[in-house]
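K.L.:
Spelled out from the first residue to the last, the chains are:
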Amino acid sequence: MLRYLARRGLIYVVMIFLTTSAGYFLAVSSLKPALLEQERIPRPTPEQVAASMRLKGLDPDLSPWERYVDWLTAIVTRWDWGRSPNGAFINAEFGDRVWISTRLFLASIILTLVIGVALGVYSAARQYKFQDRVITSYSYLAYIVPAPIAYFLVQLGAININESVGERIFFVTGISTPGIEPGWAQFVDMLAHYAVPTVAITLVGWGSYQIAQRQYLLDNVNADFVRTARAKGLSRNQAITRHALRVSFIPVAQSIAFTIPAIFAGGFFAEKIFAWPGVGSWSIDAISLQDVNAATATLAYGSVIFALGAILADFATTLVDPRVRVQ
Amino acid sequence: MTNLNAVDPAAAAQDAHLEGADVVIGKSTIIFRRFMRNKTAVAGLAIFLALTLFSFVGGYFTPWDKETIDPFNIGMPPSAEHYLGTSQAGIDLYAMTVEGTRISILIGLVVGLVSVLIAAVYGCTMAYFGGKVDKLMLFVLEALIMMPALLVVAVATSGGGAGLKQDLPSWLLLIIVLLVFSWMGTARLIRSLSMSLMQRDFVKAAQYMGVPPRRIIWRHLVPNIGSLLVLDITRGVTAAILAEVAFSFIGIGIKLPDVSLGVLIGGATSQVQTFPWMFWVPLTVMFLLTGSLAMMNDGLRDAFDPSSSSSGKARKKRARNNGTDQSLVQKKAS
Amino acid sequence: MSSETTAGPAESAGLPAERLHVAGLAAPSDAVLSVRDLHVRFTSENGMVHAVRGVDFDLMAGKTLGIVGESGSGKSVTSLAIMGLLPAAAEVSGSVRLNGRELLGLSDKAMCGYRGNELAMVFQDPLSSLTPVYTVGTQIIEALTIHNPGMSRQAKEARAVELLAMVGIPSPKDRLRAFPHEFSGGMRQRVMIAIAIANNPRVLIADEPTTALDVTIQAQVLEVLHTAQEETGAAVVMITHDLGVVAGMADDIMVMYAGRPVETGGVDDIYYNPRMPYTMGLLGAVPRVDVAEKTSLVPIEGMPPNLLHQPTGCSFAPRCPLASDPCRAGEPPLSAVPGSARHRAACIKSESLGADVDAQDVFAAPPVPVSRFDAMPREERSAVLELKDIRKHFPLTKGALLKRRIGTVKAVDGISFDIREGECFSIVGESGSGKTTTLLEIMEFHKDQDGEVVIGGLSNKQAADARTKSAMRRELQMVFQDPTGALDPRFTVYEVLAEPLQNAGMDRQAIKKRIMELMRLVGLQPDHVNRFPNQFSGGQRQRIGIARALAVNPKLVVLDEPVSALDVSVQAGVINLLDRLRAELGLSYLLVAHDLSVVRHISNRVAVMYLGKIVEIGEVDRVFGNPRHPYTRALLSAIPVPDPQVERTRERIILKGDLPSPLDAPKGCNFATRCPVFAALPPAKQEKCLSLEPPLEPVTPSEAARTLEAAPGPSPDQRFACFFPDGQLDEDMLVVHDTADHHAP
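One line per chain: the protein sequences are A, B and C, in this order. With UniProt numbering applied, the first sequence closes on residue 327, and no number is skipped along the way. With UniProt numbering applied, the second sequence closes on residue 334, and no number is skipped along the way. With UniProt numbering applied, the third sequence closes on residue 745, and no number is skipped along the way.
Chain A on its own, in the form it takes in the complex:
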């Protein structure tokens, strides 16, 4: 198993290297921070701009290949992912950003999975009854609404609640109110900030799990082994919960592990709309600020998350399915 993981890991390292390099070339050839600098007032001379850029390792006069070599050398030798045009160090900013993103998504991921799987089981058990139709229709509806618009609609709803109550219950943007005193007040403030994005992401996210879990469970409800379990003396519901559910969870577990990067990708929209300064919104900002190094770093981060998801999926399958366990 370890050898297998090591081999898979190696393949992914190669893949991450290639995608990141490709991303760097794309970014370095289309993002020109020097152009933005020239819009400053007082307007600097091109020489001043070039000098300032050179200082930050963003020399616009070098060819993309030379810059790539410099960039790569810095990462390999010093683990230095370079600087932004405004002088900030990527490494320093990165940690904070990842932490903010993780805080934003962790609760939503857990809620999404739990609600999605639970509703999937519930609707499968009531196939073609009213509850199933409502739940499943909702999931299909969630599929035809673009995520950012759904987030925006939830935000709009929260604003309406605030207005109708006449008091600010929910914060629809930001992570916390600055200068709030620690303790209970801070906790309430945190909840008020978390509520809207978490609800929004969860509402959009659970649909696909619900549909998948429902489908896989239905595939197994009439399986031969469920019949065997019933022939032993289990009731239909017992047989389904003890036998079919466990088997139907195998592909779901795999897809859960695999879709964690997808939730990260959805994070671009959520962070942007709810104004959480995480990795996702950083990457968008980096592009509009013509920040080559930040854009590449977030791209690399995305690739790593994807690779982790893929390895996690293998791992999850191994965990829940004895048939693929390697002796």
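Be careful, since some hints might not be right.
Not everything, but these chain A residues come out facing chain C in the computed CB check (under 8 Å) [stated by the list, open to error]:
#1 T228
#2 G233
#3 V247
#4 V320
I should point out that these hints are in silico values taken from the structure, not numbers from a laboratory. Every residue, glycine too, gets a C-beta built ideally from N, C-alpha and C.
Given chain A, work out where chains B and C should sit, using these hints.
P.N.:
Just chains B and C now, with coordinates in the frame of chain A:
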């Protein structure tokens, strides 16, 4: 995409008629009939066609276009002059919606069709050659899946000095980028499907008869993955429309002066309280588009399903019964 | 003990409910299970399917009832109705009483008290019937826990070990922690039986428990079922389509057709004195492995009726050669056959039938076809196919995710044989013996393979250019096992048949003419060419497959299990067709089949394969009539014969364990690990088996015969690979069920 007809029973059917054979309906006719019997699917198709028609001829019903500013009507609600009101800049919203719908449908159709085409060629090639070729192509495919598409979209459409951007309208650029990142899932599916088809006895039978590979692929493989391809086209169109809206919504897809549904929706968010029609009109159009496609997709899936009877209700009923009695099922099959 | 299970109560007048009540009371007081007027209806998209239409029987403790029928006859639905395992949408009416307590109408929860406790069931497919994610031990213990909540963990585990040992699983204690996928199909079926008998059920229902298994494993599993019945004293309902399987086991037989019992009675009554044409047809439709004399099989034309419509007459009338107008006027009831207490038949002509009426005459079996080659000595006919020392070795990899090579599987290991004009040559063996790989090596011949394949005089070694290849291909066509999978679902029959002809470069007119010819040749209506495969029955589809194979006039047709996917009554028609085509067209066949009865019926010569090698080869009557290799003997003795007398007195060799992994193939004789002769040999002789590989030698190993071998001569056509063919058989592997007293007529 015309794969369903590729079997071409027409010639054979003609001969058989001469023999006084019973009338046999072609497969495509059966599928068409099944689809037409599904009311939701037909409604979906009708809505989609109506929207497409609207996006082409809708412009003739108003004297305004998407660029002309009406200085006397700025940020006005719907009126006789401007059917859907005007934007804050004083541009007719109806004209913009017509234009935006056309761009969105165009993006959807082009990306949906071309990406399935790429996927089919790529997937079949992988399955046919197998071995090293397959491994290498799978690596490329996974690497592409790994690239966060959104970032590339953002870089490609927002890059400062990119030469591309100046030469191409932003919708075309978006189409290209969406295409690059939209075909991998389908390709992987087609690969595994073709691989399992290659193992089927009827393909083996053809091989043992000495039928050349090219012919086997065209006569046996392609028609048998045809239904999947058609389904993936409708799914791909939906996904492309959604992606366009999402990207344009946060300002990294289509850029003004080009308009699309996403641009209109995104542009209206800041004034949704004061000018609600500017937000809800394009959003409703988008819902009609994606919703009608989803309805069609459902109907097509039903029509293609060989075990499905034409009515959705009967299918569900059977699904509840199945798996209980082997012999009964066998009997029904025979 | 004579009258064990009376099938069907006396017809009594009155309201159904009242009648049921009376019937229930009238049931013999010692019946563990009595079923009365059982009906099952399903709603389908096409309307109401009346799957079971009035089943009655009584089952006595410790006795066995065999329910025999083809697919769709309602036999499985009956068993599921008794177990209460039908879906909620099924309408079940009538009465099912277990020890006098009514089961029908009980809630799922109430039924749980009976299921797995007093009433247990073994299902058909052992591969999918165990939950893949739980260990075998967990699944057995679950069955114990449900009905014995107070039992201690240790006690349950001890009982599970005991059960596994009882069903013959070696080192049961360790195997408790194994997952189902680590077991072979036969082993999993043993586990299923262990689960079923865990709580000493009063009634054990086995629904086709051996259909998915190899014959040798089938014999083992039937033996385990027998043991299980003896240990628990349970009454057994054995559901099967195979008249051979129940012949030796059952006390009573119920033959079902179109949802109804059409004939019931003691086992001897049914087999030796059938009174219903359907039963006669079924008995005549199966070839027998123990009979050398060649007669055509009894074909039953047509298909079982559609149960969507209530039959207006006898449901078998449309297929019955004896049917007359009275048969079509109302369904005949199951009525007593004169002269026998328990024998009942649902046929108005039952009195004119019986032991002295030959099914061959009734069903007008075709005469045995004679080929123009039959009279010619084999040596004078030219060879259409020759294999010389064919080998196919696969690297064996381990691990589901990470593959690493751990050895070589010798799937085919040095096979040589030839097939002459007009003969049928068969390869038999368990799954995993390499017979399918041999076929593939022939069908996918290429010049780099290990060994030589000569087709119609052309060798694979010369097959570098496309022309030689297609010339070889034209001589050789194939018919597949699964008639549905072999036909492209998107092709009409016309297109299916046109494909090889177009490929051969025929013009359209000629193709059309040839297709009509082919349709007639295989007994299909020519005006059906425009239909799709799914509009045909399984048997008809197989005929289409045969027509396609014959389209380009090949000399040799490779038949891969051509009838194993078909129902018994349909099988006979296809076998007769193959027989006729061989004679009429002078074809040669290479047949691979697991059913040795079919092989004996249709073949001229046969090869028995074991772990990639031929262990015995020769003329079919010689090999089957006087098997020399212990494996051939074991294989033949494992085949159940549809003859209760023979089955009861027959000595059976039950091989131990499964086919070993080809990886572990020993240095000497491959078969030594399971050989009944080897087990009884003195160690000195065993040494020879283990160290030397026995060569394939002719039957008479005298000097004279050996010199004659090369030249055509009177040397008998039978060779085998064993050093001690006349050795004693190990007693542990021999089983005789002497049940003569038990089955007093």
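K.L.:
Decide, hint by hint, whether the structure agrees.
P.N.:
We went through each hint and held it up to the structure:
1. For T228 of chain A, the interface hint holds, since its Cβ comes within 8 Å of a Cβ in chain C; the closest pair sits about 5 Å apart.
2. A hinted interface residue such as G233 of chain A counts as satisfied when its beta carbon comes closer than 8 Å to some beta carbon of chain C; here the least separation is about 3 Å, so the hint holds.
3. Because the closest C-beta pair between V247 of chain A and chain C is about 6 Å apart, less than 8 Å, the hint holds.
4. Because the smallest distance between the Cβ of V320 of chain A and any Cβ of chain C comes to about 7 Å, under 8 Å, the interface hint for this residue holds.
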